[in-house]
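Novice: In case you want the letters, here they are:
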Amino acid sequence: MKIKDVSVRIAGLAGDGSLLAGEILAFTLKRRGFYVVSVKDFPSNIRGLPTNLTIRANLERIYSWGDHIDSLIAFEPSALKNHAGDVRNGGLIVVDEEFDLKNFQPNDVYFYSVPLRKIARDLFRREIFKNVIALGFLGHAFNIGHDELRNTLIFYLKGKDEKIIEANIKALDEGYKLAEKFVKERYEIERGSDSNRYYLSGNEAVALGAIASGCRFFSAYPITPSTEVLEFLAKYLPKYGGVTIQCEDEISSINMAIGASFAGLRAMTATSGPGMDLKTEALSLASMAEIPLVIYHAQRAGPSTGIPTKTSQEDINHILFAGHGDVSRVVLVPSTPEESFEFTFKAFNIAEKYQLPVIILSEQAISQNQQTIDNIPYNENLDWERGKILTDEMALQYLTNGKSYQRYEIKDDGISFRGFPGQRGVIVRYNSNEKTPDGFIDEECEYRDEMVKKRIRKLENIINDIPVPEFYGKESAKNILIGIGSSLGAMKEAVDRLNEENYGFSYLRIRSLLPLHEDHIYSLTKDKNVFICELNSFSQLRSYLSRIWGRKKNVFSIRKYIGLPFKPLELVKEIKRIIKKEI
Amino acid sequence: MKRIISLKELAERTAGLASGHRACAGCSFPSIIRMVLGSSDYPVVVSNATGCLEVVSTIYPYSSWPCSWIHVAFENAAAVISGVESAYKALKRRGEIPQDKKIVFIAIGGDGGTYDIGLQALSGALERGHDFLYLLYDNQAYMNTGIQRSSATPFGASTTTSPAGKYLFGKVQDRKEIIEIVAAHRIPYVAQASISHWGDLIKKLRKAYEIEGPKFLSVIAPCVIGWGYKESETVEIARLAVETCFWPLYEIEKGVYRVNYKPKEKLPVKAWLLKQERFSHLNGREDLIEEIQKRVDEKWEKLLRLDGLKVF
Chain S
1 MKIKDVSVRI
11 AGLAGDGSLL
21 AGEILAFTLK
31 RRGFYVVSVK
41 DFPSNIRGLP
51 TNLTIRANLE
61 RIYSWGDHID
71 SLIAFEPSAL
81 KNHAGDVRNG
91 GLIVVDEEFD
101 LKNFQPNDVY
111 FYSVPLRKIA
121 RDLFRREIFK
131 NVIALGFLGH
141 AFNIGHDELR
151 NTLIFYLKGK
161 DEKIIEANIK
171 ALDEGYKLAE
181 KFVKERYEIE
191 RGSDSNRYYL
201 SGNEAVALGA
211 IASGCRFFSA
221 YPITPSTEVL
231 EFLAKYLPKY
241 GGVTIQCEDE
251 ISSINMAIGA
261 SFAGLRAMTA
271 TSGPGMDLKT
281 EALSLASMAE
291 IPLVIYHAQR
301 AGPSTGIPTK
311 TSQEDINHIL
321 FAGHGDVSRV
331 VLVPSTPEES
341 FEFTFKAFNI
351 AEKYQLPVII
361 LSEQAISQNQ
371 QTIDNIPYNE
381 NLDWERGKIL
391 TDEMALQYLT
401 NGKSYQRYEI
411 KDDGISFRGF
421 PGQRGVIVRY
431 NSNEKTPDGF
441 IDEECEYRDE
451 MVKKRIRKLE
461 NIINDIPVPE
471 FYGKESAKNI
481 LIGIGSSLGA
491 MKEAVDRLNE
501 ENYGFSYLRI
511 RSLLPLHEDH
521 IYSLTKDKNV
531 FICELNSFSQ
541 LRSYLSRIWG
551 RKKNVFSIRK
561 YIGLPFKPLE
571 LVKEIKRIIK
581 KEI
Chain H
1 MKRIISLKEL
11 AERTAGLASG
21 HRACAGCSFP
31 SIIRMVLGSS
41 DYPVVVSNAT
51 GCLEVVSTIY
61 PYSSWPCSWI
71 HVAFENAAAV
81 ISGVESAYKA
91 LKRRGEIPQD
101 KKIVFIAIGG
111 DGGTYDIGLQ
121 ALSGALERGH
131 DFLYLLYDNQ
141 AYMNTGIQRS
151 SATPFGASTT
161 TSPAGKYLFG
171 KVQDRKEIIE
181 IVAAHRIPYV
191 AQASISHWGD
201 LIKKLRKAYE
211 IEGPKFLSVI
221 APCVIGWGYK
231 ESETVEIARL
241 AVETCFWPLY
251 EIEKGVYRVN
261 YKPKEKLPVK
271 AWLLKQERFS
281 HLNGREDLIE
291 EIQKRVDEKW
301 EKLLRLDGLK
311 VF
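Protein chains in written order, with this note's numbering: chain S, 1 to 583; chain H, 1 to 312.
Keep in mind the hints are simulated off the structure, nothing from the lab. Positions of the beta carbon are idealized from the N, C-alpha and C atoms, including for glycine. Keep in mind that a hint or two might mislead.
[Unchecked claim] Not everything, but these chain H residues come out facing chain S in the computed CB check (under 10 Å):
hint: 1; residue: H71
hint: 2; residue: Q148
hint: 3; residue: P163
Let's have the full structure, built from the sequences with the hints guiding it.
Specialist: In structure tokens, the structure reads:
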């Protein structure tokens, strides 16, 4: 039987090449026409602690890493101990023969204890080659053409020393040879149609989205799990006439972006929870001074330093409520690389149209994990909507009329014309104090009431410009699952499985937290049992959504907070438990 | 008090950083911290900013720290140690700790947490005059997040955010002169050291522990991954930095500059640069190597002019 869905976990220690071997396999499967989802589980120090990469490949588009794995390569005894239980019956486990296996009882799996390290030492004098040998072993077991893996290997090692490339190719050959001796039953991996799809992470998609949307100024401070945006834009933004600046801290990186936006460029900063703590003051300022700004925030497990390299949805409250006073903002929540791109593009349009900060709330599981996607959702009809901008003619009018430019002119829609420093005829005055329409401090509070109302009026129409929640399933289903971000894949598969057992389920994935499509969500959920899944312990999403239902009784929480995204089976089990016990 | 203790004696002292931490093979800071802790005859309290050192040294269920230790956010090591030191003062005043009990307070940060995000807190603590040692281990980039440039990264070095390629030759800006910035606070003791010259390093530490008020010690911390060299070459790389005068060993004690080591034969900086992958793109770019040499020479000559002078 040909296999259409396959998952592999490669587990070892950070720095021993497990991640690289996994990536090469993932890319090979992508080239074979599979949709691939990868989940990296790695520590925050560079070397020496357990790390693993799970890849799942399917001929149809998938979003989840599934429940079980088909095969495991364990480079360390601890890796075997931690992950062997996840291998499904009939699966495959490859370990080094140097392990002490006295206390290990494999389930119903093909278990191969092979001399990975020994070959690496004998042939290359370096154990690090064990990862490519293991890759070759897997290639044979999966019946993947030798040349397919070799081509990807060469692609990944491009630019390295010739000798290193040669040695790696030899290591791959050794892996195939080794497998021929050991493997009892080979899998037949299917081949898909399209081998030219994109394989990219959320961070890469955000960086591409920023370039496509005309962002020409990016300033940030390195922080996991959003640093790759900084690295990507440092490399590519200058080619598009833009500037990327790595700042001395989180505070200056957001304030620099504020400066660039004031000066007229589309500007963005990127961060994670601890960085957002420091950026909060500037968020208030951008809202009060009406400065368009895009903030990309990839969540990690907190509080404080927390678990820097693992995912969470713990910053919902923080992102929605950070800042003192009535701070306005927009919060978009992507789930996939496509949405990471699309929402970044949208974020700049919203930020400039409504002249306020827009936050893209992602998370480690999306930002640092790669997925195969069909297309980057870009076409030439997508416009850079810059909103109300003071033209040079308008600016000159001020000079002719001898009036001072009203940066904060009271308008029916709450949005005033944005002029830029240096425009002839006007002095551009932004202010984070409460102010008069021309930007002077309003100590007498003469304009306070009008100014507050103006800022509120701006918000009324945003709802038309933001992504609506995604609804999946039948409206007649009596149960509905709600979630955001990385929960997408598990929600989809859980709903399908529950429906196979006639549980009557649908899901609603919220893609914009602020503004919130309250009426829409209410109409889809009011007569149903509501299950809210989220990656935090405080039920932050549930608390926030409860404004929609008031004290509705049949709302249930499913929470997980160990730094990993949901698995479909976890949701299915928990939902069944709740239904049995409470409904 | 002895001004210097031997390596043997240091190894016998139990107060050093315990082995079994998860630093990369060849990492330099474990050796530095062993000397820092082992050189103190007094109880030590450490405030440790986020970074490689903090991440690798206290992983459940083990800790390499034989002393009281608090991990604080990236920019706050100096602020938190200020609080700790002041609290001890108050406890002494209240008689809860004997007046004559000497305790050493150490704030430890990497270059990111010192030159960049933590500079404000450091400056505040120096200006207020707390009795503490600030230890900077300078590996010249953000290594823990994957090698991004910092304001300590040298001119010409390639990092992921100052990548060498078609458009750039690595970092285009020079390093901040942190020693001069700190010295401008007119604190009693500022020094620069290297593990390759361990006697000098221990002497500086032991001197610092006896001085009342703020002290600052900057130690070069070669990084196998970020700099790109063989694990076995760490001390050699540190030594070459000293021998080429890229990293002069000197101190400013009560305002008096003193160069502690003058190489008999000053090696060209190229000898240090081209041993590291982060500078490997400079191979063949004699113009850039010359520029780096010029900058090193300027700083070294300035230092020689200051040698022995009292500047405050």
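Novice: The structure should be examined with respect to each hint, and the outcome stated for every one.
Specialist: Going through the hints against the structure:
1. Taking 10 Å as the C-beta cut-off, the interface hint given for H71 (chain H) holds, the closest approach to chain S being about 7 Å.
2. Among the interface hints, the one on Q148 (chain H) holds; its C-beta lies about 4 Å from the nearest C-beta in chain S, closer than the 10 Å criterion.
3. Look at P163 (chain H): its Cβ gets to within about 6 Å of chain S, closer than 10 Å, so that hint holds up.
Figure legend: structure checked against the earlier numbered hints; every hint is met.
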